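Hey, can you work out the whole structure from these sequences and the hints?
Residue numbers (the numbering used here), protein chains in the order written: chain A, 1 to 282; chain B, 1 to 275.
To be clear, the hints were calculated from the coordinates, so they are not data collected in a lab. For clarity, every value in this text was computed on a predicted model and none was experimentally measured. Even glycine gets a Cβ: it sits at the ideal position worked out from N, Cα and C. Any given hint might turn out to be false.
[Unchecked claim] Here chain A is said to cover these stretches of chain B; the calculated rule only asks that three of the stretch's residues, wherever they fall, bring their Cβ under 8 angstroms from a Cβ of chain A:
| no. | region |
| --- | --- |
| 1 | 103 to 112 |
| 2 | 227 to 233 |
[Claimed, not checked] Non-contacting residues of chain B with respect to chain A, defined by C-beta distances greater than 10 angstroms in every case (computed):
| no. | residue |
| --- | --- |
| 3 | Asp74 |
| 4 | Ile120 |
| 5 | Pro190 |
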Amino acid sequence: MSQGDAIPEFQKAKAGEGGDVSLTNLSAFSSGPGIRSGAEIFAIIAVAVIIVGGAEFLLRFFEVPHYIMPPPSQIAWALVDEFPLIAPHLGYTLVELVSGFAIGSIIGLVMAAVITQFPFAEKIVAPYILLLVTTPMLALVPLLILRFGFGYTPRIIAVALAAGPMVMINAATGFRRVDSAKIALARSYGASTLQIFWKIRAPMALPMILVGLMIGAIFGLLTAVGAEMVGGGFGLGNRLTSYSSMIQMPQFFAVVLLLSILGILIYVLFFFIGKKWASWEA
Amino acid sequence: MNAGHTSKPKLGVRAATKVYHTASGDLLALDRCDLDVRANEIVSIVGPSGCGKTTLLWSMSGLHGLSAGEVVLDGQKITGPHPDIGIVFQEANLLPWRNLDANINFPFEIKGTQPDKAWINHLLRRVGLEGFGGKFPRELSGGMQQRAAIVRALSLKPSVLLMDEPFGALDSFTREEMNRLVEEIWLDAPTTIVFITHSIEEAIFLSDRVVVLTPRPGRVAKEYPVPFPRPRSLEIMATKEVFDLTNAIKMDIVGGRIGAKAKPALAVVNGGAPR
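Pasting the structure below:
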């Protein structure tokens with residue numbers, strides 16, 4: 001990177017093309033100022049009880065058939081009852097998610113770091129990255145199954161293909177947030193290009209990288225479940241298709257509930273990582 | 001210039017010329033600019049907005065290459081960032097993801113050397129930042145951030161300190177406080193300071209010499225020695241001599257007494273000028 005001919009630029013607002021990035025989009029769902037009083041806790045629980053209890057009451061009162069929508073108590077019971085049966089499938093899904101996500105995000109991060117160092121290369125690659133981001137990777141699953149069979153391989157590839165580009169475009173946005181004053185600071189102490197990368201560019205990109213990882217993980221989960229629904233005899237997605245084909249709706253919704261919990265856990269995980277490592281941006 | 005001073009300058013700028021190649025055409029920021037700074041002298045550079053003050057300072061720091069001419073430190077031509085030159089940037093320029101201690105440690109991390117803890121603690125005490133080591137920049141006021149930046153710059157014991165409009169973003173009271181702090185630090189341990197500012201009062205308060213640049217392309221238009229004794233009290237700053245000097249410099253800058261020698265084709269380019 002030749003900074004030699006850049007006009008010194010200090011305004012914070014112009015700190016790069018990335019613009020203002022914050023983890024506020026992460027905190028959008030959290031209850032802002034935090035819970036303070038017992039009354040607030042009571043209100044939150046009361047509303048939850050009214051919603052769940054109300055659904056229970058309405059579904060039973062109007063005798064809604066179980067194959068349309070089972071009452072919450074039955075879903076909860078099915079989750080407990082069927083858990084020994086569902087648990088291994090949760091394990092399979094997690095294996096696909098974690099390994100696919102790890103492969104995809106590492107490749108995505110490395111590509112983002114490399115590509116942003118070469119603006120010209122970035123221009124050439126950009127359309128293909130966009131293609132990868134916008135194409136639903138689920139569409140490739142039948143093809144992947146044809147090539148790699150019904151095991152883990154096609155699913156892990158699909159998850160990696162779904163997560164990687166998401167991580168990459170967000171990380172690239174982060175790496176592009178060049179603050180020439182901070183780079184000049186490092187250069188004034190004789191920093192090498194590598195030092196500038198690790199000590200200035202990477203920390204500056206970190207909040208965007210975390211956003212990318214979170215979106216990538218959630219896209220990965222969607223793709224893993226989708227791929228399981230398309231083919232193969234294991235995984236939570238497979239449970240969904242098999243329970244629905246047998247009209248076992250309480251069990252079906254128990255799996256849906258489990259997937260929601262998984263998604264929320266992913267969100268919470270990155271929320272706390274962000275709070276710990278990127279709170280300086282807030 | 002500087003007739004009568006035969007001693008070699010600490011820092012010399014020789015016919016410095018800088019052209020920026022921008023999308024809207026070439027921009028001549030400095031045009032054969034000459035400046036000598038003696039050892040342990042405080043020189044302020046003032047001039048109209050966009051006259052190339054920051055460009056001149058960045059060239060002196062070695063962060064910028066020059067299109068022509070050279071910068072000489074202790075008789076040696078400067079080709080890049082130099083360990084003997086410390087820089088205090090605009091708006092403190094602390095790293096927001098590091099706390100104060102880690103920010104001050106940053107130069108030593110880059111250089112792979114051990115910081116002189118006793119010296120740094122002395123500096124932190126001096127600027128009143130003792131006990132704030134665990135605070136992050138966003139938890140510090142603008143003045144405190146800039147104090148930390150001064151400590152960071154001085155931690156390496158540079159013999160030249162370049163200050164690029166360091167207090168421009170501060171309110172006027174904090175600014176005066178910071179000016180006094182710079183003078184105190186300098187009286188404690190004199191170093192060579194080049195100080196860029198928009199404020200003529202600040203320039204006169206701090207400097208042994210005020211240098212006025214022409215509008216872009218920047219050249220040295222005039223130099224004013226500032227002979228008042230130090231430490232400079234409020235009483236000295238309120239004298240007629242200071243008032244007259246302030247006005248003379250103001251007339252130079254806003255009164256159009258100094259003319260631009262820019263070629264018209266270059267002068268019309270106004271965008272993207274360094275502040």
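> Of the numbered hints stated previously, which ones are contradicted by the structure, given in increasing order?
Replying inline: 2
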